[in-house]
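J.: Take the sequence shown: its position 56, counting from 1, is numbered 56 in my numbering, and each next residue is one higher.
These are calculated hints, taken from the structure and not from any lab test.
Treat each hint with caution, since some may be false.
To be verified - Here are the in silico distance ranges between beta carbons for each label pair:
1) H197 / R250: 22 to 30 Å
2) N69 / M148: 50 to 58 Å
3) T181 / D256: 30 to 38 Å
4) P267 / D228: 24 to 32 Å
5) Q132 / N69: 31 to 39 Å
6) D142 / D205: 56 to 64 Å
7) Q132 / G294: 50 to 58 Å
8) Y227 / Y264: 19 to 27 Å
9) H222 / R152: 38 to 46 Å
10) H216 / P177: 37 to 45 Å
11) W258 / T181: 32 to 40 Å
12) P177 / I239: 17 to 25 Å
Glycine included, C-beta positions come from ideal geometry on N, C-alpha and C.
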Amino acid sequence: MRRIMISLLLASAAASPATAGPHNWSSHQSASDDQQSTSNNQQSAHEEHQAAREERQAAREEARSERSNNSGSNNSGRQQNAAPPAQVRQQSFTGGGGERFNGRPDRGGGAANYVAPGARAVNAPNSQDREQLRAQRIQDRDARQAAMQSTRDQRQSERQAWNGAHNRPPVVVSNTPRPGTQPPLRTDNYRHGGSSHWNTSWRHDHRYNWHGYRNHHRSLFHLGFYYDPYGWDYQPFSIGLRLWPSYYGRNFWINDPWMYRLPYAPPGLVWVRYWNDALLVDTWSGTVVDVIPGFFW
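Modelling step: build the complete structure from the supplied sequences, incorporating the hints.
T.: The structure is reproduced here in structure tokens:
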């Protein structure tokens, strides 16, 4: 029985290669056919690509020769007739996506620059036009420089005027009222002590916010015409200067300072109106103790 089984196993092992052989051969044959087809397709694609490249090269050569011929004809025409340069003929390149290029005027290609697709070529300016453009640029530059110099001169004059207004010489003391003078200081032993106790820090007190109060009551600060006792016109006063008595008479007193949100003056001092300024004056000596310029309007 064992011998019979061994014989059957040997017979089946010998038959299996024979049955598998034809199948493996057919698979190998189909793979060879696919490789040959792929190689043929690659070869045809390479040939088509080579033919297209040769066509583009021929088109470039033809366009280059045509451009050189046009350049030579334009140069010969200018030398013979001395006529103004004509508009450059635009050259189209099949391989450049429809771009157009016009030659430079100094290289025999006319007088234009690169022209984008869809744009129109324009003649470049000749020598006369270039001279006119250069002259126009020079004229514009000179005008700008003159305007800048005028502005600098105006600022300098304003700066000098401002410095002169803030650095004017001291007021002259005189016994006779004259424009630009102040009366001499009184020599009496009796003096009020109000001016020595006055403190200008009242401006930091929110109760005396006259500026904000004036924004809502402008008609209250509009006093109209000011009568100058001497007719000297307006001359700004600062703290320490002295007024002639006619400028701090009762007709110029501010009787109710709180109505304008000003602090009440201590004895011996009084708020007066001087043109559009509010001055706090020592009525004994005429000395200006405090100044609010542009208080009225």
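J.: Work down the list of hints and note, for each, if the structure agrees.
T.: Verification of the hints:
| no. | hint | result |
| --- | --- | --- |
| 1 | H197 / R250: 22 to 30 Å | holds (23 Å) |
| 2 | N69 / M148: 50 to 58 Å | holds (54 Å) |
| 3 | T181 / D256: 30 to 38 Å | holds (32 Å) |
| 4 | P267 / D228: 24 to 32 Å | holds (28 Å) |
| 5 | Q132 / N69: 31 to 39 Å | holds (34 Å) |
| 6 | D142 / D205: 56 to 64 Å | holds (58 Å) |
| 7 | Q132 / G294: 50 to 58 Å | holds (55 Å) |
| 8 | Y227 / Y264: 19 to 27 Å | holds (25 Å) |
| 9 | H222 / R152: 38 to 46 Å | holds (39 Å) |
| 10 | H216 / P177: 37 to 45 Å | holds (39 Å) |
| 11 | W258 / T181: 32 to 40 Å | holds (34 Å) |
| 12 | P177 / I239: 17 to 25 Å | holds (21 Å) |
The earlier numbered hints are all upheld by this structure, with none contradicted.
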